[in-house]
Amino acid sequence: MERGLNIIVCIKQVPETVEVEIDPETGRLMREKYPGILNPFDEHAVEEALRLKERYGGYVKVLTMGPPMAEKALRDAIAMGCDEAWLATDRAFAGADTLATSYTLSLCIRKMKPYDLIICGLKTTDGDTGQVGPELAEHLGIPHICYVSEILEVSDGRIRVRRRLDDGIETLEAPLPALITVTKEINQPRLPTLKGKLRARRAEIKTLTSSDLDGDPSLYGLEGSPTRVIKVFHPEPPRGGEIIEGEPDELAERILRKLEEVGVI
Amino acid sequence: MSYGRVTGEVKRLLQDIVGSENVYDSPEILEKHGLDESPLPPHPPEVVVKPRTTEEVSKILRLAYERRIPVTPQGSRTGLSGGAHPIYGGIALSLDEMNRIVEIDEDNLMAVVEPGVLIMELHEETEKLGLLYPPDPGEESGSLGGNISTNAGGVRGLKYGVTRDYVQGLEAVLPNGEVIQLGGKIVKNSTGYELIDLLIGSEGTLAVVTRAILKLVPKPQYSALLYIPFNSTRDAARAVSEMIRRRVVPFAVEYMPRDAVEVVERYLERRMPDDEHEAYLIVGVEGNSEAEVEWQMETVGEICMKHGAEDAYVADTEARMRELWEGRKCLFEAYKAFWEVDEVDVCVPRSRLPDYVEGAEKIGERHRLRVVVNGHAGDGNVHAIIVKPEEMEREVWLGKLEAIVDDLIHLGLSLGGTVSGEHGLGYTKRKYLVEKVGPVQVELMRAIKNAFDPRGILNPGKILP
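Protein chains in written order, with the numbering used here: chain U, 1 to 265; chain A, 1001 to 1465.
Everything labelled a hint here was simulated from the structure, so no lab data went into it. Wrong hints could be hidden among the right ones.
Within a straight-line C-alpha distance of at most 30 Å, the following computed DSSO-like cross-link-like pairs (lysine-lysine) qualify [claimed, not checked]: (1) U:Lys231 with U:Lys53; (2) U:Lys195 with A:Lys1400; (3) A:Lys1215 with A:Lys1449; (4) U:Lys53 with U:Lys72; (5) A:Lys1032 with A:Lys1219; (6) A:Lys1329 with U:Lys184; (7) A:Lys1306 with A:Lys1159; (8) A:Lys1436 with A:Lys1400; (9) A:Lys1159 with A:Lys1059; (10) A:Lys1388 with U:Lys195; (11) U:Lys72 with U:Lys206; (12) U:Lys72 with A:Lys1449; (13) A:Lys1329 with A:Lys1159; (14) A:Lys1185 with U:Lys184; (15) A:Lys1128 with A:Lys1059; (16) A:Lys1188 with U:Lys72; (17) A:Lys1336 with A:Lys1431; (18) A:Lys1436 with A:Lys1388; (19) A:Lys1159 with A:Lys1185; (20) A:Lys1219 with A:Lys1128; (21) U:Lys231 with U:Lys113; (22) U:Lys123 with A:Lys1128; (23) U:Lys113 with U:Lys72; (24) U:Lys72 with A:Lys1306; (25) A:Lys1188 with A:Lys1388; (26) A:Lys1032 with A:Lys1306; (27) A:Lys1185 with A:Lys1219; (28) A:Lys1449 with U:Lys195; (29) U:Lys123 with U:Lys184; (30) A:Lys1188 with U:Lys195.
So the derived label-pair ranges between C-beta atoms look like this [claimed, not checked]: (31) U:Arg160 with A:Glu1125: 44 to 54 Å; (32) A:Met1321 with U:Gln131: 28 to 38 Å; (33) U:Arg199 with A:Ser1289: 35 to 45 Å; (34) U:Ile243 with A:Glu1265: 46 to 56 Å; (35) A:Pro1041 with U:Ile243: 13 to 23 Å; (36) A:Glu1390 with U:Glu247: 55 to 65 Å; (37) A:Met1120 with U:Glu247: 30 to 40 Å; (38) U:Ile169 with A:Thr1053: 30 to 40 Å; (39) A:Glu1262 with U:Glu153: 54 to 64 Å; (40) U:Gly168 with A:Glu1140: 53 to 63 Å.
All C-beta atoms, glycine included, are put in the ideal place defined by N, C-alpha and C.
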């Protein structure tokens, strides 16, 4: 890439916990109880953007939509090495589902042009939907690839990636600009440094409110969110494993029979 | 001194006390209980007994006392000085079934525990309540009883001190079976000789601890770890000295040379934040406000940069801290996974740390053995791991090991240090006692031993030469 890559990373601030508690009355996630951190999946998105910049040159902007305190996650991304931070914040944006969120983000990104690549974490640890990335690409009318576990190459206006699915590994290619969502396998995120944190503290956060965007206000926030939460519950694990016990010889036989039964050998 | 044997009759009497399911004499189990994590060959006991109550411990000791059978109290046998080796056979008194956290008393900020509770179990329970039991030896699968018996300290020694500073009360059984209660849920005590302090660090030679009352402190709400690369060990050591001089009190200052970072990366199969420098410090800071933690981070950073560091990596979320800390905590395990190793844990005055680290490396070169100095730089208790070359015969290794350990300990002593900071003398290092404390103190210690254990049945062959 001659002129380097312009990359936008979309991030979110999430509560620092693995067990999200649910308010039994409203069914809402109780986010206030925990300190806010950069969504762990987004750390991988930021890391991958920084690695691409190191490889091809370029510029990394980071974007989030949220209350003013979401600034903390943006500063964390700057501390890791991102160049510029954007915060979309407005009361009108509050209560957004994934559709309203991705719509709003797409309007922000039109303001942040130019871009070659948008990188999102696979999903957030609080909402867990994985929908915002693909929806954002649809709003922008660009191709997207989810579950990316390795970026092979970016050249001649195309990106070539690998993704691991349940039944194999796919190699895919898309023309730029494109959007990818990345899994945790893609890299090991770097830690921010002290100098990075000092730079982040001084960094200017560019703010966007509804008046800065050229969108339809009825599609923002709660008003623009068709999603209705009927019930919130902890799902059962999707696949129960089967534990076979016994002596090694006997186990080998039984596993062999099992594999034949399901037809993989 | 001749000891009584564990006869069939003794085994039956032990079975009457603890039930037959808690008395073991199969060769595999005897072998297992003949070992700790030191390189010593095993000293299997004649029987392993696992009591569940103080009363059972008392009855076992009374029986052993009457028949003059040696008794070796054991925790989780993670010690490194042979302290849990039953040198004279007899009964291995394994306390790992006495493993209840009896109470966490939030009104008095104290925990009441049995000796078999593991360090990590107490940490987990106290942290749920926003409390901290500060002693934190690297070996978290060690038992609290074992920690009390060696007065272990671990990574938080710099700010919080050692196990001794947290034991407020003990229940212990004397060799004749008598049960004594020392101290209590009290913060101050000026009532006679402090026998608690005699029992702490006595490595099971005076009495068997069956319950402990431990002081807890409020856990600071905010913390962070810094991972700081340096170009040389001397630079890192100078930075540590300046932190202490400047009154920054991190809760941990741990030193890792590049060798250790690379071994940890190989063991964990992931990268540490940096592995291209000679020396690393991991510095832990904490406080009750974000501002306090940031001030400490910046001060530590400024000091380190003054001493040649370019920047410092910051782990300031729970997940990031856990990952980085794991890299430090697994260090000894990592070496053990690939090689046969031993460890010397002298503690020197903090100002002499650079001299110790450099001297230890020279000793390694002289003996042609790989010596990896690492650990608690903040309190002067650095650990020197000695690695056995793969091709070396075991016999040769044990001989060379003895010689190099001797040199390392003498280096520590010559710098005003002590033989062991936290592992204890046990069996392997007892020969250094006279040299360190002199004959007068050794005689006082002997008199104390006789006062508690006139028949010499409790953990014989340990501490005293």
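To see whether the hints hold, each was checked on the structure:
The hinted pair formed by U:Lys231 and U:Lys53 fails the criterion: a straight-line CA distance of about 43 Å is larger than 30 Å. Note on U:Lys195 and A:Lys1400: the hinted pairing is violated, with a Cα-Cα distance of about 46 Å set against a maximum of 30 Å. With a C-alpha separation of about 27 Å, the suggested pairing of A:Lys1215 with A:Lys1449 holds against the 30 Å cut-off. Note on U:Lys53 and U:Lys72: the hinted pairing holds, with a Cα-Cα distance of about 23 Å set against a maximum of 30 Å.
A C-alpha spacing of about 37 Å is found between A:Lys1032 and A:Lys1219, which places the hinted pair above 30 Å, so the restraint is violated. With a C-alpha separation of about 24 Å, the suggested pairing of A:Lys1329 with U:Lys184 holds against the 30 Å cut-off. Proposed proximity of A:Lys1306 and A:Lys1159 is supported: the alpha carbons are some 23 Å apart, at most 30 Å. Between A:Lys1436 and A:Lys1400 the CA atoms are separated by roughly 23 Å; this keeps the pair inside 30 Å, and the hint holds.
Taken as a hint, the A:Lys1159 and A:Lys1059 pair is broken in the structure, with Cα atoms around 41 Å apart against an allowance of 30 Å. For the hint pairing A:Lys1388 with U:Lys195, the CA-to-CA distance comes to about 41 Å; that exceeds 30 Å, so the pair is violated. Proximity of U:Lys72 to U:Lys206 is assessed by CA-CA distance (about 13 Å); at most 30 Å being required, the pair is judged to hold. Only pairs whose Cα atoms come within 30 Å are accepted, and U:Lys72 paired with A:Lys1449 is rejected, the gap being roughly 60 Å.
With a C-alpha separation of about 18 Å, the suggested pair A:Lys1329 and A:Lys1159 falls inside the 30 Å cut-off, and the hint holds. The straight-line distance between the Cα atoms of A:Lys1185 and U:Lys184 is roughly 48 Å, outside the 30 Å bound, and the hint therefore fails. Taking the CA atoms of A:Lys1128 and A:Lys1059, the gap is near 37 Å; set against the 30 Å cutoff, the hint is violated. Between A:Lys1188 and U:Lys72 the CA atoms are separated by roughly 45 Å; this puts the pair beyond 30 Å, and the hint is violated.
A threshold of 30 Å between alpha carbons decides the hint, and for A:Lys1336 with A:Lys1431 the separation of about 26 Å falls inside it, so the pair holds. Between A:Lys1436 and A:Lys1388, the direct Cα distance comes to roughly 28 Å. Compliance with the 30 Å bound is thereby established for this hinted pair. A hinted pair counts as satisfied when its Cα atoms are at most 30 Å apart, and A:Lys1159 with A:Lys1185 qualifies at roughly 23 Å. Only pairs whose Cα atoms come within 30 Å are accepted, and A:Lys1219 paired with A:Lys1128 is accepted, the gap being roughly 10 Å.
The straight-line distance between the Cα atoms of U:Lys231 and U:Lys113 is roughly 39 Å, outside the 30 Å bound, and the hint therefore fails. Restraint check for U:Lys123 and A:Lys1128: the C-alpha separation of about 28 Å stays at or below 30 Å, so the hint holds. A distance of roughly 24 Å separates the Cα atoms of U:Lys113 and U:Lys72; the hinted pair therefore holds under the 30 Å criterion. A hinted pair counts as satisfied when its Cα atoms are at most 30 Å apart, and U:Lys72 with A:Lys1306 qualifies at roughly 29 Å.
Distance hint between A:Lys1188 and A:Lys1388 is unfulfilled; the C-alpha atoms sit about 48 Å from each other, more than 30 Å. Taking the CA atoms of A:Lys1032 and A:Lys1306, the gap is near 51 Å; set against the 30 Å cutoff, the hint is violated. Distance hint between A:Lys1185 and A:Lys1219 is fulfilled; the C-alpha atoms sit about 20 Å from each other, no more than 30 Å. The straight-line distance between the Cα atoms of A:Lys1449 and U:Lys195 is roughly 56 Å, outside the 30 Å bound, and the hint therefore fails.
Annotation: proposed proximity of U:Lys123 to U:Lys184 holds, straight-line Cα distance about 10 Å (limit 30 Å). Proposed proximity of A:Lys1188 and U:Lys195 is contradicted: the alpha carbons are some 46 Å apart, above 30 Å. For U:Arg160 and A:Glu1125, the hinted distance range of 44 to 54 Å is satisfied, since their beta carbons lie about 51 Å from each other. For the hinted restraint 28 to 38 Å between A:Met1321 and U:Gln131, the CB-CB distance of approximately 31 Å keeps it satisfied.
Against the hinted window of 35 to 45 Å, the Cβ-Cβ separation of U:Arg199 and A:Ser1289 comes to about 22 Å, which falls outside the hint. U:Ile243 and A:Glu1265 have their C-beta atoms about 33 Å apart, which leaves the hinted 46 to 56 Å range violated. Here the CB-CB span from A:Pro1041 to U:Ile243 is close to 39 Å, at odds with the stated 13 to 23 Å. Between A:Glu1390 and U:Glu247 the beta carbons are some 34 Å apart, a value that contradicts the proposed interval 55 to 65 Å.
At roughly 33 Å, the beta-carbon separation of A:Met1120 and U:Glu247 lies within the given 30 to 40 Å, and the hint holds. Between U:Ile169 and A:Thr1053 the CB atoms are about 58 Å apart, so this pair departs from the stated range of 30 to 40 Å. Taken as a hint, the range 54 to 64 Å is violated for the pair A:Glu1262 and U:Glu153, whose Cβ atoms sit roughly 30 Å apart. In this structure, U:Gly168 and A:Glu1140 break the distance hint of 53 to 63 Å, their C-beta atoms being roughly 40 Å apart.
The structure fails to meet hints 1, 2, 5, 9, 10, 12, 14, 15, 16, 21, 25, 26, 28, 30, 33, 34, 35, 36, 38, 39 and 40 from the earlier list, while all remaining hints are met.
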